[in-house]
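Chain by chain, the residues run as shown.
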Amino acid sequence: MLTYLDNNATTRTDPAVLEAMLPYLSELYGNPSSMHSFGGQVGAVIEEAREQVANLLGAEPTEIIFNSCGSEGNNTAIHAALAAQPEKRHIVTTAVEHPAILAVCKHLEKKGYGVTYLSVDERGELDLLELEAAMTGGTALVTTMVANNETGVIFPVEQIGAIAKAYGATFHVDAVQAVGKVPINLSQSSIDLLTLSGHKLHAPKGIGALYVRKGYRFRPFLLGGHQERGRRAGTHNVPAIVALGKAAELAQTHLAYVKREADLRDRLEHGILATISDTVVNGGGAPRLPNTTNIGFKYIEGEAILFMLNKHGICASSGSACTSGSLDPSHVLTAMGLPYTTLHGSIRFSLSRYTTEAEIGQVLAVMPDIVERLRAMSPFSNDQAGWLQERDLAIVT
Amino acid sequence: MWDYSEKVLELFYNPLNQGSIDDPNQPDVAVVFGEVGSIACGDALRLHLKVQPSTDSILDARFQTFGCTSAIASSSALTEIIKGRTLDQALHITNRDIADFLGGLPEAKMHCSVMGQEALEAAIYKYRGIEVEHHEEDDGTLVCTCYGISEKKIRRAIAENDLSTVEQVTNYVKAGGGCGSCLAGIEDLILDAQQSVETVRAAAELAVEREQGIQPPISLTNLQKITMIQTVLDKEVRPVLVADGGDVSLHDVEGDRVLVKLQGACGSCPSSTETLKYAIEAKLQDLVLPSLVVEAI
Ligand SMILES: Cc1ncc(COP(=O)(O)O)c(C=O)c1O
Ligand code: FES
Chain A
1 MLTYLDNNAT
11 TRTDPAVLEA
21 MLPYLSELYG
31 NPSSMHSFGG
41 QVGAVIEEAR
51 EQVANLLGAE
61 PTEIIFNSCG
71 SEGNNTAIHA
81 ALAAQPEKRH
91 IVTTAVEHPA
101 ILAVCKHLEK
111 KGYGVTYLSV
121 DERGELDLLE
131 LEAAMTGGTA
141 LVTTMVANNE
151 TGVIFPVEQI
161 GAIAKAYGAT
171 FHVDAVQAVG
181 KVPINLSQSS
191 IDLLTLSGHK
201 LHAPKGIGAL
211 YVRKGYRFRP
221 FLLGGHQERG
231 RRAGTHNVPA
241 IVALGKAAEL
251 AQTHLAYVKR
261 EADLRDRLEH
271 GILATISDTV
281 VNGGGAPRLP
291 NTTNIGFKYI
301 EGEAILFMLN
311 KHGICASSGS
321 ACTSGSLDPS
331 HVLTAMGLPY
341 TTLHGSIRFS
351 LSRYTTEAEI
361 GQVLAVMPDI
371 VERLRAMSPF
381 SNDQAGWLQE
391 RDLAIVT
Chain B
1 MWDYSEKVLE
11 LFYNPLNQGS
21 IDDPNQPDVA
31 VVFGEVGSIA
41 CGDALRLHLK
51 VQPSTDSILD
61 ARFQTFGCTS
71 AIASSSALTE
81 IIKGRTLDQA
91 LHITNRDIAD
101 FLGGLPEAKM
111 HCSVMGQEAL
121 EAAIYKYRGI
131 EVEHHEEDDG
141 TLVCTCYGIS
151 EKKIRRAIAE
161 NDLSTVEQVT
171 NYVKAGGGCG
181 SCLAGIEDLI
191 LDAQQSVETV
201 RAAAELAVER
211 EQGIQPPISL
221 TNLQKITMIQ
231 TVLDKEVRPV
241 LVADGGDVSL
251 HDVEGDRVLV
261 KLQGACGSCP
271 SSTETLKYAI
281 EAKLQDLVLP
291 SLVVEAI
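Going line by line, the protein sequences match chains A and B.
The first sequence runs 1 to 397 under our numbering.
The second sequence runs 1 to 297 under our numbering.
Keep in mind that the hints were calculated from the coordinates and are not lab data.
Don't be surprised by glycine CBs; every beta carbon is placed ideally from N, CA and C.
Treat the hints with care, as some may be off.
Said to hold, decoys possible - Dumping the calculated SDA-like pairs for lysine to any residue here, alpha-carbon to alpha-carbon at most 25 Å:
#, chain 1, residue 1, chain 2, residue 2
1, A, K106, B, K283
2, B, K50, B, A108
3, B, K7, A, E372
Said to hold, decoys possible - With the Cβ distance kept under 7 Å, some of the chain B side facing chain A (calculated, not the full set):
#, residue
4, N14
5, L16
6, R62
7, G67
8, C68
9, F101
10, G103
11, N161
12, S164
13, Q168
14, G180
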């Protein structure tokens, strides 16, 4: 049995979504830009999909631009915000963004832009006073996530947006993890630009959308043909757009039942905390997505836990350094200031509407033994260990 | 997902020799442990040895490891390798031996095998009463302050594993994986190692030549000179240039002036022409005659 609890990494394509897109991979292969009705009929389904996505967000169809993924959306948004106010050369973002924001910001710093990376506290939350203090008249863009991919912690985007607007900055949100999991209504919002990605909400990989508020002076990132009203060149990925539309429609229905996911998540979380000592929920004190939990298992290492889980057919993920192949553990958990004892041993379980009670039961059944086995191998067992303290200091200096 | 060998997974799921060793208080049995790494770094190993002083050999070995799949497998492999060996034999074990025992490790995980080798060394030094502090003082200066990696450790990894890029050094000993401010320093150590390898090679060749009674040429006829220049250009210089889309041809030799024609990618940019000219000149001076000068036409 496969127990898939890695839905923040990617989700299963909903069978209804697959069915909706299939004809456009076979007989209905026309190009919507063509001047014949064979292609033209495809154009109509793109507009239908646009409406479905707009409905999920409380937006208007003309405010939706289809693109290839969340990373493209984030790159495009930053580019657009800087192009909209070229005289402003300062960006405010947070230390816990996805690399598709952070890498762009780092790159822009090299090109002479100033970037402020807002810190988070141990619960993963921002300090709005720090945001206020960072804002200047020269701030072109404030970009933050709606919900964090690793911890599920939700940021107060409307409060952030109000501050951004007070300083005349563009406000972009990376809503890749939030769309379909928490309600979003852009009709009453300070958000100018919003990124979403299909594969996180049961559409296939390689399709996304960028919301651009009506009236926003948007400059395109990808130049070429006149697709998407000249705002994003490139022949439409018709099957994937249809899929995203269908997925958005299903997500809207599903929002009403998301409590079930939250209940399962809570059961998993409480079960682990109750049966395994020295465990903590990272970001547990903050408002969180209903589907995500990030649990720190002290004194053991995340990649080893994942390989043990994998043997039981359980899929999860870890921000440990060994998982990524880099030498540094998750920038998100590091920014939260987690102690080293948990930093390397944190596991993210992320659920979806397909998650069953049996899957949660399976994790609860095997987890204590896995942790016990790895702890039996570990030279560490308590925070007071002299060796631990000593080495920690050595590293800090 | 990491592409671990069967052996790595086998030793991870069913590790051999995990745990610690209590001192049995028996005659001719000593117990010692050595440790490396820290929880901050993300991996740490405490290696326990049971030693027979009369034979100076390892009776038993156990490990306690905080770390990933390959760190645990490397630790277990190490204990299997060293059991029954004398301490002197054990000191000759390199990280490569551990990696080979495991049927290889992913490149980015090689540092796990280095950790094993270091813990072994730490344990043996401790047993022999060589102060670890003292040993580390000899280690030379720290090159990478982020990970606390000394010059000696980097040099050793380069030499034992024939490393030629900074990325490899980071994979093997972690140095350079943090802030990156030590990357240039690591590169210098690699260049240094490569040069010393070449020096050794050249010295060896010279020794062989001396033995065979071949004297390096003192004066050359013009024809000999041109032939040698052409050979060096063909064998040493052109292959590198052609690989980069450029080329060089010998136009003329007037006394010590070597006139060459630079072509293609390299010929097009003035600064690279300058660099190239000196590079070719250095090669020719080295291998043909020290008095040669190169001119691009
Ligand atoms: C918060 C967040 N932003 C952006 C992305 C990138 O999305 P995509 O994989 O579609 O490029 C992800 C996906 O991992 C994400 O979690
Ligand atoms: S000093 Fe080596 S990576 Fe920072």
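Inset, instruction - Enumerate the violated hints, using their earlier numbering and listing them in ascending order. - result: 1, 2, 4, 5, 6, 9, 10, 11, 12, 13 and 14
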